[in-house]
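K.L.:
Next come the chains, spelled out residue by residue.
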Amino acid sequence: MSEQRDVAGNRLPAHQYEENFTDIKPPLTAHQAVVESDRCYFCFDAPCTVACPTHIDIPSFIYKIRSGNLTGSARNILAENIFGASCARVCPVEDLCEGACVRNTAEDKPVAIGLLQRHATDALLTSGKPLFDRASASGKRVAVAGGGPAGLACAHRLAMLGHDVTVYEARLKLGGLNEHGIARYKLTNDIAQREIDWLLSIGGISVRLGQRVGVDVSLSDLRRNFDAVFLSVGLGDVNALGLADENIPGVYDAVRYIETLRQSADLSTLHVGRRVVVIGGGMTAIDIAVQVRKLGADEVTLLYRRGPEHMGASDYERELAQSHGVNVRFWSRPRRLLLSDGEASGVEVERTALVGGKLVASGEPQRLACDMLFKAIGQTLVPDALDAAARDILDTRAGKLAVDDNRRTSLAGVWAGGDCIALSKDLTVAAVQDGKLAAIDIDRVLRGAGDSSGVQHG
Amino acid sequence: MVDLSCNIAGIRSPNPFWLASAPPTDKEVNVVRAFAAGWGGVVWKTLGDDPPVVNVNGPRYGAWWSGDRRVMGFNNIELISDRAFDTNIAEITRVKAAWPDRAMVVSVMFPLDETVWKTRLAQIEASGADGIEINLGCPHGMSERGMGSAMGQQPDLIEQVTRLAKAHTRLPVIVKLTPNVTNILPAALAAKRGGADAVSLINTINSIMSVDLDQMAPEPTIDGKGSHGGYCGQAVKPIALHMVGEIGRHGDTRGLPVSAIGGITNWRDAAEFMALGACGVQVCTAAMVYGFKIVDDLIEGLAEWMESKGYARLDDFIGLAVPKLTDWKNLNLNYVTKAHIDQDLCIQCGRCYIACEDTSHQAISASRNGERHFEVKDDECVGCNLCVEVCPVENCLTMVQLEQGSDPRTGRAISHEHADWTTHPNNVLAST
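Chains as they are written, first to last, in my numbering: chain B, 1 to 458; chain H, 459 to 890.
Same shape as in the complex, but just chain B:
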């Protein structure tokens, strides 16, 4: 390692790590939940429900919290979104349900729908009570490639509908980005795994860990051996910055780092720079910037090439970063890496501006020294690794899989959802909806109520 780069673990007193990574939004107490639930107006055709990608009947679940019927409340939530507990924590609610709440109009303060949803689903997970039964066995078998939110939502719904499901997961742990890709302080107390344990308890879902579709098992094998296949493989590669020498020490992949952080048993062993630069404007950029601050980085600068209104991260997330001392610099992009002994020791930053709809450089570049530089500018699908056939169902413009409204691909018997499809919204909750819609359509096809040919490619 270069002497100039100050990258080390143990930057904080031991107890500080636990404090820094506790729940960023603490749960409501029972009293707070009842008081907050009383604020819900029980709207007709509620705008919050419309805004929710999974269309949870939000007024009904809140009404049931108010009456003390927490199990019924959780049933309302989980019937539409089997990942209701983690979505309650990770959804950008200010852009979804809470953003649509009519309370915003009169008093600029929505009902705390996310926290109420957490209240009901936490109670259910604590009880472990099963809520859903399986329909009579259909005798059909479905393969799910990828055990993240989309895949498991699909698997659970298919199991409910009476089908037998096999989930192939490349990693040795289920959960996908929920388990590996989201900031640690959003999903504490192993909630992601507890939620999965509960949903698998419905039965009829067998899990093959360490089985990467495209490597350990091929898509054509799955198509041959199962009645239907759901692809929810996520995205593989991290996008390149497009700079020379970017694969050198000092340049880090935010997704990998967060994965390590999420699985770490001892956060003090994680090495973190004193001065850190993050490049990107989405949730992952915020998650890495805030987390390296919480690991003890002194100065964290987030470079985003456009303005706050263009950011993929919500206002809440941006403010979260800023309140944690992250210096968010808009209209700034890296021009080239600064090297020292073959390692990245900084970045030359140029100001940007929109001119005639095009992003152009403006002004003199500045030098920004850093010990770590994180790339957080999105990921891409690697279809070749999946299967040769997958190339045929690629939306070439989006670089992701093309599906119709029912999440069918143009390959007979193959559905897809989650981050790997062109329709993807980069949200856990949207991935859950993909899985749910696909399962409903798969069931329809397997029971002979519809043909299985999907989108046509021209």
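One or more of the hints may lead you astray.
Stated by the list, open to error - Sample of chain B residues at the chain H side, in silico, Cβ under 7 Å:
| id | residue |
| --- | --- |
| 1 | CYS43 |
| 2 | ASP45 |
| 3 | ALA106 |
Stated by the list, open to error - Computed list of lysine to aspartate or glutamate pairs in DMTMM-like fashion (alpha-carbon distance at most 20 Å, straight line):
| id | chain 1 | residue 1 | chain 2 | residue 2 |
| --- | --- | --- | --- | --- |
| 4 | H | LYS554 | H | GLU486 |
| 5 | B | LYS109 | H | ASP540 |
| 6 | B | LYS109 | H | ASP802 |
| 7 | B | LYS358 | B | ASP395 |
| 8 | H | LYS485 | H | ASP540 |
| 9 | B | LYS109 | H | ASP544 |
| 10 | H | LYS576 | H | ASP544 |
What the hints assert, rightly or not - Taking CB as the label site, the calculated pair distances span:
| id | chain 1 | residue 1 | chain 2 | residue 2 | range |
| --- | --- | --- | --- | --- | --- |
| 11 | B | GLN16 | H | ARG491 | 44 to 54 Å |
| 12 | H | VAL747 | B | LEU172 | 36 to 46 Å |
| 13 | H | MET530 | B | ASP108 | 25 to 35 Å |
| 14 | B | ASP108 | H | ASN664 | 51 to 61 Å |
Keep in mind the hints are simulated off the structure, nothing from the lab.
Here a beta-carbon is modelled for each residue, glycine too, at the ideal position from N, C-alpha and C.
For this one, chain B is given, so just place chain H on it according to the hints.
P.N.:
Here is chain H on its own, set in the frame of chain B:
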């Protein structure tokens, strides 16, 4: 400056806000705190004959809460004063001497035994008290012993006991009525016949507050069992307003001074009772929930409002709403209103729509050009007011009178003539 001084049947107080006979007026320490806070008078918690009654040692109160645990309704199974008669009289004497300008009314409940009334009323008179209130309303415990509401439900007994009290005291006598009757008028008339100087109402309403679904027992629960209690608090105000209004508008009871009781929590509640004819009001539950300091709002709010309306003294507005209280049959059927939604205030919750669509007249539309938008259909709206009541935004939904043209629902021309049920052709009993 407006004058808030109050006179009910000769009992004077600097303002019309008294504390009702109840736990807040049980002892010297409470009453002194109340007077220091500004209350105009008290009705001392009901005295019985010795030996004193005993109270349960388990819970005495139950409540119905809003979502944030605001007490909306309240009930109790406490009995009358459980202290010796002389102890109470000694304290009453001291407090009245120390606070001569405040009204000191003593509530009493005795059996129909003339000796008791004669002796006890003389002692009360000697204490310096300003008046007597006969408790004929307590609906629990005492009623099982033939007193309280057991007497108050029988007009002949009301008259008899009032007469008895009047025979043995020169002090003004207020008769406190029970609402646990189908019609308040016979009770009020009986009190008047017996010589009552005033009536006070309402006492509490028979009630079971709730049922504990684990113990399978009514609440409050004492050792696994519960008994009905007396209901009070904000929830009972509409019932009390009705009964006060009936006394105010009925020919035989009109003019009988009324001290109104029933869920009064702020100055507005008090003003409403007085508009329906009450000379003053008594408060209990609000003080038990928030403490004595609420009298600040009662006094100040009433004075501010009176000043804004140009009322210099209480008599300027007492009873002004009484002539407007009438029978349904006299309501003008030619008065046509339609609901109107102020689109600038509408927050798009849609509650007006679903209430009207599911349960009323299908008179609100939920979309316009495919967009969420709520609008009243005048040709369906009967003017029922349900949408106004369920709308969470003040003044967003209002009822607007149709003054010209014709009603799009009935096609009938708007008439400025009064027409009511008494002359309606569908009324087979209508006078012609």
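K.L.:
State for each hint whether it applies.
P.N.:
Hints versus structure:
1. CYS43: holds (4 Å)
2. ASP45: Holds: closest Cβ of chain H sits about 6 Å from B:ASP45, inside 7 Å.
3. ALA106: holds (5 Å)
4. H:LYS554 to H:GLU486: Holds, at roughly 10 Å.
5. B:LYS109 to H:ASP540: violated (50 Å)
6. B:LYS109 to H:ASP802: holds (18 Å)
7. B:LYS358 to B:ASP395: violated (25 Å)
8. H:LYS485 to H:ASP540: It holds: about 11 Å lies between the C-alpha atoms, which stays within 20 Å.
9. B:LYS109 to H:ASP544: violated (58 Å)
10. H:LYS576 to H:ASP544: holds (15 Å)
11. B:GLN16 to H:ARG491: 44 to 54 Å: holds (51 Å)
12. H:VAL747 to B:LEU172: 36 to 46 Å: violated (59 Å)
13. H:MET530 to B:ASP108: 25 to 35 Å: At 27 Å between Cβs, range holds.
14. B:ASP108 to H:ASN664: 51 to 61 Å: The hint (51 to 61 Å, Cβ to Cβ) is violated, given that B:ASP108 and H:ASN664 are roughly 45 Å apart.
Against the hints set out earlier in the document, violations occur for numbers 5, 7, 9, 12 and 14.
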